[in-house]
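**Q** Make the full structure from the sequences, and use the hints.
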Amino acid sequence: MSKLIVHATSISCLIGGTWHGVLISGPSGVGKSDLALRALAQGCALISDDYSVLWRSGDHLYAGAPDTIKGRIEVRGVGITTLRTRHFSRISLTVHCQNSAVERLPEPEFSDILGLKIPIMRLNPRESSSVAKLLISLTQTVRAPSIRLD
1 MSKLIVHATS ISCLIGGTWH GVLISGPSGV GKSDLALRAL AQGCALISDD YSVLWRSGDH
61 LYAGAPDTIK GRIEVRGVGI TTLRTRHFSR ISLTVHCQNS AVERLPEPEF SDILGLKIPI
121 MRLNPRESSS VAKLLISLTQ TVRAPSIRLD
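So for the sequence shown, UniProt numbering puts the first residue at 1; every next one is plus one.
Keep in mind that the hints were calculated from the coordinates and are not lab data.
There is no bait here: all hints are sound.
The calculated DSS-like cross-link candidates involving lysine-lysine, where the alpha carbons are at most 25 Å apart (straight line), are:
1. Lys-133 to Lys-117
2. Lys-70 to Lys-3
3. Lys-3 to Lys-117
**A** Right, here's the structure in full:
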């Protein structure tokens, strides 16, 4: 099984009785960890902060934490702390964080990760509604499973 380490925070959210993972990517300082922290306050669980280990099993993509940072998140102004975590989760959505405004009615986008097409959502993580938007997008996405490229 091949693994890929990416610069992305990953969280898992309980949707319809099943945990679904979200990769949160973007440039350093954009607010990935802050977005994750706010999602955790809404009941999601941390998988990994800053770097995530990805692997494919069948038609699904999974994320976990590198051993060196398992269970830890950097909370700006507080330091590195331990929060509620899941060891791994199936990834259902990728969120690309950006400081600029996002399109009002975007066309569907997908990331090719280890041969799977994973839906992308673009988001300004500093908006107060960003966690609600993430959860709405994730809920809509879990109704449309990942698509194989091969």
